[in-house]
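Colleague: I would like the entire structure built from these sequences, with the hints used as guidance.
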Amino acid sequence: MSELKRTPLYDLHVELGAKMVPFAGYEMPVQYPLGVMKEHLHTRAKAGLFDVSHMGQVIVPGEGAAEAFEALVPVSLMGLKEGRQRYAMFTDENGGILDDLMVANRGDHLFVVVNAACKEDDIAHMRAHLESVEELTDRALLALQGPAAEGVLEALVPGTAKMRFMDVGVYHWNGAELWISRSGYTGEDGYEISVPADRAVEFARKLLADGAVEPIGLGARDSLRLEAGLCLYGHDIDTTTTPVEGNIAWAIQKVRRKGGEREGGFPGADRILSELENGPSRLRLGLRPEGRAPMREGVEIFAEAEGGDPIGRVTSGGFGPSIEAPMAMAYLPAETLEGTTVYGEVRGKRLPAKVVSMPFRPATYKR
Amino acid sequence: MKFTEDHEWLKTEGDVVIVGITEHASEQLGDVVFVELPDVGDTVEKGDEICVIESVKAASDILAPLGGEIVEINEDLADNPGLVNEDPLGKAWFFKMKLTDASALDGFMDEAAYKDFIG
Chain G
1 MSELKRTPLY DLHVELGAKM VPFAGYEMPV QYPLGVMKEH LHTRAKAGLF
51 DVSHMGQVIV PGEGAAEAFE ALVPVSLMGL KEGRQRYAMF TDENGGILDD
101 LMVANRGDHL FVVVNAACKE DDIAHMRAHL ESVEELTDRA LLALQGPAAE
151 GVLEALVPGT AKMRFMDVGV YHWNGAELWI SRSGYTGEDG YEISVPADRA
201 VEFARKLLAD GAVEPIGLGA RDSLRLEAGL CLYGHDIDTT TTPVEGNIAW
251 AIQKVRRKGG EREGGFPGAD RILSELENGP SRLRLGLRPE GRAPMREGVE
301 IFAEAEGGDP IGRVTSGGFG PSIEAPMAMA YLPAETLEGT TVYGEVRGKR
351 LPAKVVSMPF RPATYKR
Chain C
1 MKFTEDHEWL KTEGDVVIVG ITEHASEQLG DVVFVELPDV GDTVEKGDEI
51 CVIESVKAAS DILAPLGGEI VEINEDLADN PGLVNEDPLG KAWFFKMKLT
101 DASALDGFMD EAAYKDFIG
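Residue numbers (the UniProt record's numbering), protein chains in the order written: chain G, 1 to 367; chain C, 1 to 119.
Don't take each hint at face value.
Just a few of them, taken from the derived set where beta-carbon distance is under 8 Å, the chain C residues facing chain G [what the hints assert, rightly or not]: (1) G30; (2) D31; (3) E36; (4) V52; (5) K57.
Please keep in mind that the hints were generated in silico from the structure rather than gathered at the bench.
Just so you know, these numbers come straight off a predicted model, no measurement behind them.
We treat Cβ as the ideally placed atom computed from N, Cα and C, and that holds for glycine.
Modeller: So, in structure tokens, the structure goes:
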């Protein structure tokens, strides 16, 4: 295995007492002394600071970038206004998902954020199809999430409180250029902040100096996003799932669908457009296990308490500290109705779980 | 109190042994969210997986430290699994068992030896 990389905040994590683990080729903090449960609850009550510098930050320059980029994603980017961001996914020829990503229209270029584990492949994929693709290696990425995020950031970077969910903008803090979006991966209101690598520690310390802010590790990041019903690439969506099966078809605007002005024209369009019309055979759905035992990734789901073949499998699952109950996502036959009781086989026992809509906990975005 | 290499503690109370997990184990597990206990009356062999502990991170097992019969379980853990983090050596005992061979206890570590063991 090749040597693990470190983000610009590595020393700060260690200083804060983080437990560091390998993740997507990086040494990342999985938790701080507060622990996963309290970090999760703190983020929902006040504000959490996350280091997400392992993610890929990419610039696609040029007036024609949005049009060219539409050849890679089923999302309308020509319809994305300047100063706005959208969720998207790279699809392959079979309609599978190569990665999910955020794309922002910054006027003369697109700013793209991709998953750490996929970034090399994503960049090669973009380079193969786009004229110019610049990977940024001199910027860190922080996320400040939770109800106190707005007040904390506004005090340091005036003007950011006015942003709405999915707005993006360039701001300045003590001579450092910050690229800020009002978005995140927790279901909370909050911001994602791209900061020059050589100013990242200073800026993170400034945020942490506010009594409302605690550093949050990957453990709580996972339980927060799970409660918010958000997909984790490589688990809940991958090349074997389409955006329609993955229940993220809301990200595909009408203009790219059948009968739309820019119908299709992305990899796997045949299958994806057909699934949008006729429905997929399976769907990523939420599960609320009865009792307290979590149903984790890999747990097989059955229609009956005894006998029969599995009808699906859990792709992410765990315990939700805010909902104080276990929760899971699973692919199930698309016709499965909300409220249906299914059974997850945990340690040889079939335990009942209710099919529910997601998120498990409502989001608190400032729209 | 005696300790096993699987980070359990054993406390003798008359002819019964009380079993729980150590502070070290509870710290390693992280926040415990679910505990599954054996049934009273179960006969277990040394090494049997008889309890499941789920934390926010993962699931792990408690193995029977010795052979015997389960005579009591701590029902409080089902409703309040967080006790395992709050008071692992006290309120968060898991079960009580009657040993098939009471002398088997002698082979386990005392507190000093356990402290050395976890470094």
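Colleague: Is the shortest C-beta separation between D31 of chain C and chain G less than 8 Å?
Modeller: holds, 4 Å
Colleague: Would the stated hint for V52 of chain C survive a check requiring a Cβ distance to chain G of less than 8 Å?
Modeller: holds, 7 Å
Colleague: May I ask you to test the interface hint for G30 of chain C with respect to chain G, counting a Cβ-Cβ separation under 8 Å as satisfied?
Modeller: This hint holds: G30 of chain C lies near chain G, its Cβ roughly 6 Å from the closest one there, short of 8 Å.
Colleague: Verify the interface restraint on K57 of chain C: the C-beta must sit less than 8 Å from at least one C-beta of chain G.
Modeller: Holds. Min distance 6 Å.
Colleague: If you take the shortest Cβ to Cβ gap from E36 of chain C to chain G, is it below 8 Å?
Modeller: holds, 7 Å
Against the hints set out earlier in the document, no violation occurs for any number.
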